[in-house]
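Read left to right, the sequence shown gives residues -23 to -1, 1 to 70 (mature numbering (1 follows the signal peptide of the UniProt record, and there is no 0)).
A portion of the hints provided could be inaccurate.
[Unchecked claim] Derived DEER-like restraints, expressed as beta-carbon distance ranges: (1) 53 with 29: 13 to 21 angstroms; (2) 48 with 68: 34 to 42 angstroms; (3) 67 with 20: 32 to 40 angstroms; (4) 20 with 51: 26 to 34 angstroms.
Hints were generated in silico from the structure; no laboratory data involved.
Cβ coordinates follow ideal geometry from the N, Cα and C atoms, glycine included.
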Amino acid sequence: MRKLIGCITLAFVGLNLSLPAQAVRVTQQDIVCYFKYKNGDNAWVLDSAGATTLAGARRFTRQILQREQRLADEAGEELQVVYTGCRDPYGHN
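Start from the sequences and build out the full structure, keeping to the hints where you can.
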């Protein structure tokens, strides 16, 4: 049995099989929230965060903006944020 499990594990590693695409990047089935932000006098940056649920997408958006706020505070600049909505492939907004 151990030999069988070892062979299966080796096959996964050898074939470079890993997590499904959904766990690695945003897919067309994910809810994506778009926003743009600006640190001080820098140009506006358009960004997005996605997840399989609206709560997850909002949480990732919040994490990105918290990081940007920390960077702005360290540089003594003001962070401006504009939320441009979320795309839900199932139409539930």
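Status of the hints after comparison with the structure:
Taken as a hint, the range 13 to 21 angstroms is violated for the pair residue 53 and residue 29, whose Cβ atoms sit roughly 38 angstroms apart. For the hinted restraint 34 to 42 angstroms between residue 48 and residue 68, the CB-CB distance of approximately 35 angstroms keeps it satisfied. One distance hint, 32 to 40 angstroms for the beta-carbon pair residue 67 and residue 20, holds here, with the actual separation near 34 angstroms. Hint check: residue 20 to residue 51, Cβ distance near 19 angstroms, so the stated range 26 to 34 angstroms is violated.
Hints 1, 4 from the earlier list are contradicted by this structure; the remaining hints agree with it.
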